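Student: Construct all of the structure, not just a fragment, from the sequences and the given hints.
These protein sequence lines map, in sequence, to chains A and B.
Counting from 1, one number per residue, gives the positions in the first sequence under the working numbering.
Counting from 1, one number per residue, gives the positions in the second sequence under the working numbering.
These are computed hints drawn from the structure, not numbers from a lab.
Computed from a predicted model, the values in this text were never measured in an experiment.
Idealized CB from N, CA, C, for every residue including glycine.
Mixed in with the good hints there might be a few duds.
[Stated by the list, open to error] Cross-link-like lysine-lysine pairs, in silico, PhoX-like; alpha carbons within 25 Å at most:
no. : chain 1 : residue 1 : chain 2 : residue 2
1   : B       : K153      : A       : K315
2   : B       : K484      : A       : K94
3   : B       : K100      : A       : K99
4   : B       : K153      : A       : K99
5   : B       : K484      : A       : K447
[Claimed, not checked] To give a feel for the contact side, a few chain A residues facing chain B, derived at Cβ under 7 Å:
no. : residue
6   : D125
7   : A128
8   : E132
9   : P170
[As the list claims (entries may be wrong)] Interface residues of chain B toward chain A, partial, derived using beta-carbon atoms under 7 Å:
no. : residue
10  : Y102
11  : T162
12  : T404
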Amino acid sequence: MNISFSCRAILGLSALALTLSMPTALQAQERFFPYESHSETLDNGLSVVLIPMESGGLLSYWTLVRTGARDEVEPGRTGFAHFFEHMMFRGTEKYPAEKFNEIITRIGASSNAYTTDDFTAYHLDIAAGDLETVMDLESDRFQNLSYSKAVFQTEAGAVYGEYRKNRASPFFTIYEGMRQAAFDEHTYGHTAMGYVQDIQGMPQLFDYSLGFFDRFYRPDNSILMIVGDLEVGPTMEMIKKYYGSWKSGYQSPEITPEPEQKAERRIEVSYEGSSLPIVWLAYKSPAFDPADKSLAAADLLCDLAFGETSTLYNKLVLEEQLVELLDSGTNMNRDPSVIDVYTRVKDPANVERVLQEIDQAIAAIVENPPSAEELEKVQKRRKYSFLMALDAASNVASMMARILAVSGELKTVDTYFTTMSEVAPEDIQEAARTYFDSQRRTVAVLKGAQ
Amino acid sequence: MKRFENLSRWVSAPLWLALLAVVLTACGGTKESGDTGSTPAGVPTVLLEVPTDPTVSFSLWFKFGSIHDPSGKEGLAALTGSMVAAGATEKHSYPEILDKLYPLASSYEVRVDKEMTTLTGRAHVDNLELFVELLTDAVLSPAFEQGDFDRLKSNQLNSLKTQLRFADDEELGKAALRDFIYRDTANAHPVAGTVAGVESLTLEDVKQFYQRHFNKNNVTLGLGGGFDQALVERMQASLAQLPDGEPSGSVAIEPAAIEGRRVRLVQKPGADASISFGFPIDLKRGERELYALWVANSWLGEHRNTSSHLFQVIRELRGLNYGDYSYIEAFPEGGRRQMPPVNVARRHQIFEVWIRTLPNAQAIFALRAALREVDKLVQDGMSEDDFELTRSFMTKYHLHFAPTTENRLGYRIDDSFYGIEGKGHLARFAEVLPTLTLEEVNAAIRKHWQVDRLKIAIVTGEAEALEQTLAQNEPTPISYESPKSPEILEEDKEISTYPLGIAEGGIETVAVEDIFQE
Numbered sequence: 001m002n003i004s005f006s007c008r009a010i011l012g013l014s015a016l017a018l019t020l021s022m023p024t025a026l027q028a029q030e031r032f033f034p035y036e037s038h039s040e041t042l043d044n045g046l047s048v049v050l051i052p053m054e055s056g057g058l059l060s061y062w063t064l065v066r067t068g069a070r071d072e073v074e075p076g077r078t079g080f081a082h083f084f085e086h087m088m089f090r091g092t093e094k095y096p097a098e099k100f101n102e103i104i105t106r107i108g109a110s111s112n113a114y115t116t117d118d119f120t121a122y123h124l125d126i127a128a129g130d131l132e133t134v135m136d137l138e139s140d141r142f143q144n145l146s147y148s149k150a151v152f153q154t155e156a157g158a159v160y161g162e163y164r165k166n167r168a169s170p171f172f173t174i175y176e177g178m179r180q181a182a183f184d185e186h187t188y189g190h191t192a193m194g195y196v197q198d199i200q201g202m203p204q205l206f207d208y209s210l211g212f213f214d215r216f217y218r219p220d221n222s223i224l225m226i227v228g229d230l231e232v233g234p235t236m237e238m239i240k241k242y243y244g245s246w247k248s249g250y251q252s253p254e255i256t257p258e259p260e261q262k263a264e265r266r267i268e269v270s271y272e273g274s275s276l277p278i279v280w281l282a283y284k285s286p287a288f289d290p291a292d293k294s295l296a297a298a299d300l301l302c303d304l305a306f307g308e309t310s311t312l313y314n315k316l317v318l319e320e321q322l323v324e325l326l327d328s329g330t331n332m333n334r335d336p337s338v339i340d341v342y343t344r345v346k347d348p349a350n351v352e353r354v355l356q357e358i359d360q361a362i363a364a365i366v367e368n369p370p371s372a373e374e375l376e377k378v379q380k381r382r383k384y385s386f387l388m389a390l391d392a393a394s395n396v397a398s399m400m401a402r403i404l405a406v407s408g409e410l411k412t413v414d415t416y417f418t419t420m421s422e423v424a425p426e427d428i429q430e431a432a433r434t435y436f437d438s439q440r441r442t443v444a445v446l447k448g449a450q
Numbered sequence: 001m002k003r004f005e006n007l008s009r010w011v012s013a014p015l016w017l018a019l020l021a022v023v024l025t026a027c028g029g030t031k032e033s034g035d036t037g038s039t040p041a042g043v044p045t046v047l048l049e050v051p052t053d054p055t056v057s058f059s060l061w062f063k064f065g066s067i068h069d070p071s072g073k074e075g076l077a078a079l080t081g082s083m084v085a086a087g088a089t090e091k092h093s094y095p096e097i098l099d100k101l102y103p104l105a106s107s108y109e110v111r112v113d114k115e116m117t118t119l120t121g122r123a124h125v126d127n128l129e130l131f132v133e134l135l136t137d138a139v140l141s142p143a144f145e146q147g148d149f150d151r152l153k154s155n156q157l158n159s160l161k162t163q164l165r166f167a168d169d170e171e172l173g174k175a176a177l178r179d180f181i182y183r184d185t186a187n188a189h190p191v192a193g194t195v196a197g198v199e200s201l202t203l204e205d206v207k208q209f210y211q212r213h214f215n216k217n218n219v220t221l222g223l224g225g226g227f228d229q230a231l232v233e234r235m236q237a238s239l240a241q242l243p244d245g246e247p248s249g250s251v252a253i254e255p256a257a258i259e260g261r262r263v264r265l266v267q268k269p270g271a272d273a274s275i276s277f278g279f280p281i282d283l284k285r286g287e288r289e290l291y292a293l294w295v296a297n298s299w300l301g302e303h304r305n306t307s308s309h310l311f312q313v314i315r316e317l318r319g320l321n322y323g324d325y326s327y328i329e330a331f332p333e334g335g336r337r338q339m340p341p342v343n344v345a346r347r348h349q350i351f352e353v354w355i356r357t358l359p360n361a362q363a364i365f366a367l368r369a370a371l372r373e374v375d376k377l378v379q380d381g382m383s384e385d386d387f388e389l390t391r392s393f394m395t396k397y398h399l400h401f402a403p404t405t406e407n408r409l410g411y412r413i414d415d416s417f418y419g420i421e422g423k424g425h426l427a428r429f430a431e432v433l434p435t436l437t438l439e440e441v442n443a444a445i446r447k448h449w450q451v452d453r454l455k456i457a458i459v460t461g462e463a464e465a466l467e468q469t470l471a472q473n474e475p476t477p478i479s480y481e482s483p484k485s486p487e488i489l490e491e492d493k494e495i496s497t498y499p500l501g502i503a504e505g506g507i508e509t510v511a512v513e514d515i516f517q518e
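Tutor: Structure representation (structure tokens):
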């Protein structure tokens, strides 16, 4: 059993004020995340993270299963993690779906779930007094999910409906196409939604779904996070009571690594509706590592090269007005992934010109690193924006979900921000050379019907 | 349910939240006090003190909206708002403003809605000096540069021509319904306007609209968080520098009475069906009847919630689509948010049912199912059990509506819009809820809801086929890939022949490339 306990005082919003007031250089690694936390791993492997904070008598209750589209390794099974997320609301013998819904309704919980490439999240916002009721329900469904074949097949219609609503979006369309083109082997090549032909085949996969639950929905593949008005001691006792019987046995899938990309890929994505052209560049990048200074540098570079105060943004969006939007970002993934740069071009005739401008913006940084002052502005913005978002229990939990699911521990926050604060201008320059290599990118262009 | 997250988004929270977050809310327990009033300086205030909050939230509420767009200039309010929030000032170019705001991780944004406009922002107390300077400068001294005008007008046109028409069928359906219900009134067009209206706008139009509506008698100052009295006085003094002028005033919105059930089909090649239907209702926040109807609506169609009865009937039991909900207050961008938005307060509201995207072949069956459920509710009322369960649900669920100072300030501004004094809408709702009776709720249903006079909007790729089914009241039997219980199959027979009752000549079709043209 691994136990770590941070002794920080419950500072709430005052802690936020204190942290923000500290000069960057004085922000020691262990002090960046402003709230007390308690991390513990049960004997069955379930990771527990508790974040007590003043929240007006409310709690945010999250279960993170570290299985997502990444784990869909078998042919014809894309989108299954997302589909299974829907099945998790279909009840158990003790609490059939109708009873589960009635209890959730009676206590006025806000309940939802989502699936990503690396994990699936189930979350509820509840009154603190309903904690045990919810823990009884949640621990039960994660151990004893039970549904009929008919119910399973009915849910397939809802998932197909979700795909149908998404496909109207040109951004969803190009994102789906870009991912498929950028990855030959790795499961990041498909979105969490899955391919339409696989979604249509889902009603036939009842037996497969039982095995999916058995392999992946295990405590040693899951994290329980509770944020808000709670006391650590009694809450831990309750967790051990309700989750202690959950049997470990996670079976890790064999995920084929993506071979090194050695040449640029270009695709054109068609969109049946009318749309301005969207250009999406995906540069290969390493897996998330909070101590990896080069990845942190690439992250900051995105703002410096493509952010709203960048030279390129000023030129393309504000002055020449060739594009309507320009954005970029690195991804926090368990396996090597991509850095995204995307823009919507106002005139199809300018697509190549915009691509050239993007290349020149990167070349400019390779040639001349940003000034220390420019870099400091980005670092300061990142810290302020991150901390200012931690203003409610539900927001804290929402912000922490991915970093917990990907890295497995909350201290990653402090590690990452420490790493980020150590990035120097020459690191940005090196990141531009290392990651923004045109031979290791995929360029997708969406063109709509005119 | 899915979402796309990346590392940069994760550490750039405001953008990340705006694009991706499911907004989860709660009524905070931090010590706070609220006050609405005005001082001799003249500018009314809405103040929400939260001394422990190290940030300050700003909300400048101007009493105009898209209903104040001049005829033929639809979209002018939205473009003027954009010019103030995303353009240069007399002191700074827009790139300079972005550069100054950037390290603060702060920004100010405008939301122009039908009947109100808010300019909002948030800054850490360390950064108030610069933020206040930039915010007040934006309001008092916009430069109205041609370059900004060209950029923002182009964006607004694209939001109509490609985004609304082609990139989100569900929002298109809802916009088509409002346009249909409020036809020939100033409330018909989307906030972004019409294509012809926006194309006609000139920089001079924007300047004149600003002069008319951005005046000191048309603004309320909202502050929330860790501000002090000095900031209140400073902001009031700044806003008092706005030109003198008249409040925007009310606009007569009198939609034609709806005769029977009428349908508007939006033909979009290749599209599945996205359906909305509804009719105007005359209820406002603060009125007891609204809270009674709120209970009924929560049971019928609570937004993004499995407790919604429509969700249970159409999605959960039959698997026809992703979700089905109902509303008695405006809820824009419903596909992207979990909790109700703030600062979309309106005197003109509709009752609205939203049937999410589904195959065209099942569209009329789903429409029938929803109409039938509303019909049954109007005729039979809620049961005692459903009433008590829903009341229990709402007693706690509404606590999630406003978790942050920003959210709570937004509610306070809306309270001012509706003239609600004291603790405000959410607190009043909490007080009224335990005293409501089933009889009151059912009386409110009978008084405000009906199914005989309503309008239906359907975005579809098969308008011709749907028109025939609707006009001929053709049965729409349904089959499933999975077995269903005898009870469901028996009910399906009733649903598939439920009278559509479309008024004679009550179906019209518009091509997607023509909708919101003028």
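Student: So which of those numbered hints doesn't the model satisfy?
Tutor: 3, 4, 5, 7, 8
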